[in-house]
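*Asks:* The primary structure of each chain is shown beneath.
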Amino acid sequence: MSADAAFEEPLLRLRRQIEELSAQESEPARQVEIDELREKLSKLSKEIYSNLTPWQKTLVARHPQRPYTLDYIAALFEDFTEVHGDRKFADDAALVAGFGRFHGQPCAIIGHQKGRNTKEKVIRNFGQPRPEGFRKALRVMKLAEKFNLPIFTLVDTQGAYPGLDAEERGQAEAIAVNLREMAALKVPVIVTIIGEGGSGGALAIGVGDRVIMLEHAVYSVISPEGCAAILWKNSAAAPEAAAAMKITAQDLKKIGVIDEIVSEPPGGAHSDPQQTVMLLDPFLERALHELQKIKPAQLPEERYKKFRKMGHYEK
Amino acid sequence: MAWFRKEKKPKEPTEKQVAIPEGLWLKCDECKEIVYRKEVEQNLSVCPKCGYHFRVGGRDRFQMLFDDGAYKEFATNIRSGDPLEFRDTKRYRDRLKVYEQRVGRGDAVLCAEGKLDGLNVVICAMEYDFMGGSMGSVVGEKVTVAIERCIDKREPLIIVSSSGGARMQEGILSLMQMAKISAALSQLAAACLPFISVLTDPTTGGVTASFAMLGDLNIAEPKALICFAGPRVIEQTIRQTLPEGFQRAEFLVEHGMVDLITPRADMKATLARFLHQFLNK
Chain A
332 MSADAAFEEP LLRLRRQIEE LSAQESEPAR QVEIDELREK LSKLSKEIYS NLTPWQKTLV
392 ARHPQRPYTL DYIAALFEDF TEVHGDRKFA DDAALVAGFG RFHGQPCAII GHQKGRNTKE
452 KVIRNFGQPR PEGFRKALRV MKLAEKFNLP IFTLVDTQGA YPGLDAEERG QAEAIAVNLR
512 EMAALKVPVI VTIIGEGGSG GALAIGVGDR VIMLEHAVYS VISPEGCAAI LWKNSAAAPE
572 AAAAMKITAQ DLKKIGVIDE IVSEPPGGAH SDPQQTVMLL DPFLERALHE LQKIKPAQLP
632 EERYKKFRKM GHYEK
Chain B
649 MAWFRKEKKP KEPTEKQVAI PEGLWLKCDE CKEIVYRKEV EQNLSVCPKC GYHFRVGGRD
709 RFQMLFDDGA YKEFATNIRS GDPLEFRDTK RYRDRLKVYE QRVGRGDAVL CAEGKLDGLN
769 VVICAMEYDF MGGSMGSVVG EKVTVAIERC IDKREPLIIV SSSGGARMQE GILSLMQMAK
829 ISAALSQLAA ACLPFISVLT DPTTGGVTAS FAMLGDLNIA EPKALICFAG PRVIEQTIRQ
889 TLPEGFQRAE FLVEHGMVDL ITPRADMKAT LARFLHQFLN K
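Line by line, the protein sequences are chains A and B.
Numbering of the first sequence is given in the numbering used here, commencing with residue 332 and proceeding in unit increments.
Numbering of the second sequence is given in the numbering used here, commencing with residue 649 and proceeding in unit increments.
Just so you know, these hints were derived from the structure itself, not from any lab.
Among these hints, one or two may not hold up.
[What the hints assert, rightly or not] Covered, in the sense of this in silico footprint (three residues per stretch, anywhere, with C-beta under 8 Å from a C-beta of chain A), are these stretches of chain B: (1) 685 to 696; (2) 720 to 734; (3) 787 to 796; (4) 816 to 829.
The C-beta atom is built at its ideal place from N, Cα and C for all residues, glycine as well.
Given the sequences, and given the hints that come with them, work out the whole structure.
*Replies:* Now the structure itself:
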């Protein structure tokens, strides 16, 4: 993690100590020491993670060990099979899509995918889709609608890829069409922001009946660095921009942009991916259960009402 | 090797003219010729020497498009409420006041209803001079109200875009306007009513990635910059200078993203032709 994430330092130090002690021969006195350190770690984690600033949350949301889409898919869905390609130009590994089952219910699953190591990061294009990624997502969503299957999307991207080829092939058009078509889907759409919700690239799979967000995930119209560069003329002002833009799950719930916040384990999702997944599962289950009670033809109407309300103005 | 090397001068940002400045004469941004201001204005704010299209405000658009320049504005009383109490180097609230005094109280879009070649139509025209035509809650609400009016009265919709994208000062709420307007457009499409998107210089970011690209027809003015990520952002990503004409209207036609380019002087006639055909009149 970068130097900015100094807040994690004391936790890392404790973890290292515990690891070192655990590696040594077991001995009652040492065990007591380990237990004490564990206790301390858990307390300190809670303390630090319940007081994160918006900028610190941004760093947590981008943490290299944070669970990614494929980790959630492996743990939450059965029988997942990935499908590839937009049938127009190419496949895009920055966005995965496929079909599987959620608690036995067949469904479509779509999410941004980042890479863990350098090679993977390049293949996944750092989780930044090109137009073909968004078009693949829409193709799979339309298929889900055809077979009356609910759709789960997992959002985790810095944003749509700002490259020459992406522009040539209509990045803006691909996103815009997804927004319009998602609004009209006659099946439940459940969106979860698991890490970074970066602008249009996030929203392009984010128009859902329920929008769920992990406790330390962030969702914003532009990255704090980008906003700082434009408005403060200095990207070092990113922490200020992060605070000013209100990008945390807690703030977004207050302004009505998201519906639910899923608690993360005391030291953040990356400290215990397994538990994170377990904490998310009941939220997805409940959302699905509620949405399945609504008539398919009614869903676009309800979704329209939900997004119609968004915004703040005076009359 | 020399001891001292001449330092490279930083590239001067090419200042784009926002509106036609006061004064009798003005310099064209494109051909750099000095032209008589009145002549430009009488020529629909197009340079008589080279055909460069200057940016124009919402009411000038209405004058150009509605029959006899007669129209009725609606949704005029919606104002931004500074939902995030946003402050960068200045307070958003104070910035808004400055723009309201300088440009008007309509925020970055004006909506009007009237006749175009005898047909009742709704036109939304963006105001680039108001905070770079950025889209916040007010733009989202006004355009949505306009779309709903079209559905109610069964009238076609024209949106003339000119925008730097989403308004950062309203954070995520600006992003949500993209979803809101696109959802409304899906209802307009279901009602089988025409929507023509007119893209003018510049149409970028969240506006391009929502309604501006969703026209049944996308019609651009010559040489308009139309993109999702701006040229500077892309140059930073790929670390190369972009080819001449990249992301200009002509480039988008070539790549299949825009139906046609229409000079300002022909815009009304072109819109009228399509609308009559689509409405089978």
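*Asks:* Has the region 720 to 734 of chain B got at least three residues whose CB is nearer than 8 Å to a CB belonging to chain A?
*Replies:* Satisfied; 8 residues make the cut.
*Asks:* With a Cβ-Cβ cutoff of 8 Å, does the region 787 to 796 of chain B contain at least three residues near chain A?
*Replies:* holds (count 3)
*Asks:* Would you say the region 685 to 696 of chain B counts as covered by chain A, given the rule of at least 3 residues with C-beta under 8 Å?
*Replies:* violated (count 0)
*Asks:* Apply the coverage criterion to the region 816 to 829 of chain B and chain A: a residue qualifies when its Cβ sits closer than 8 Å to a Cβ of the chain, and three qualifying residues are needed.
*Replies:* It holds, with 13 qualifying residues against the three required.
The structure fails to meet hint 1 from the earlier list, while all remaining hints are met.
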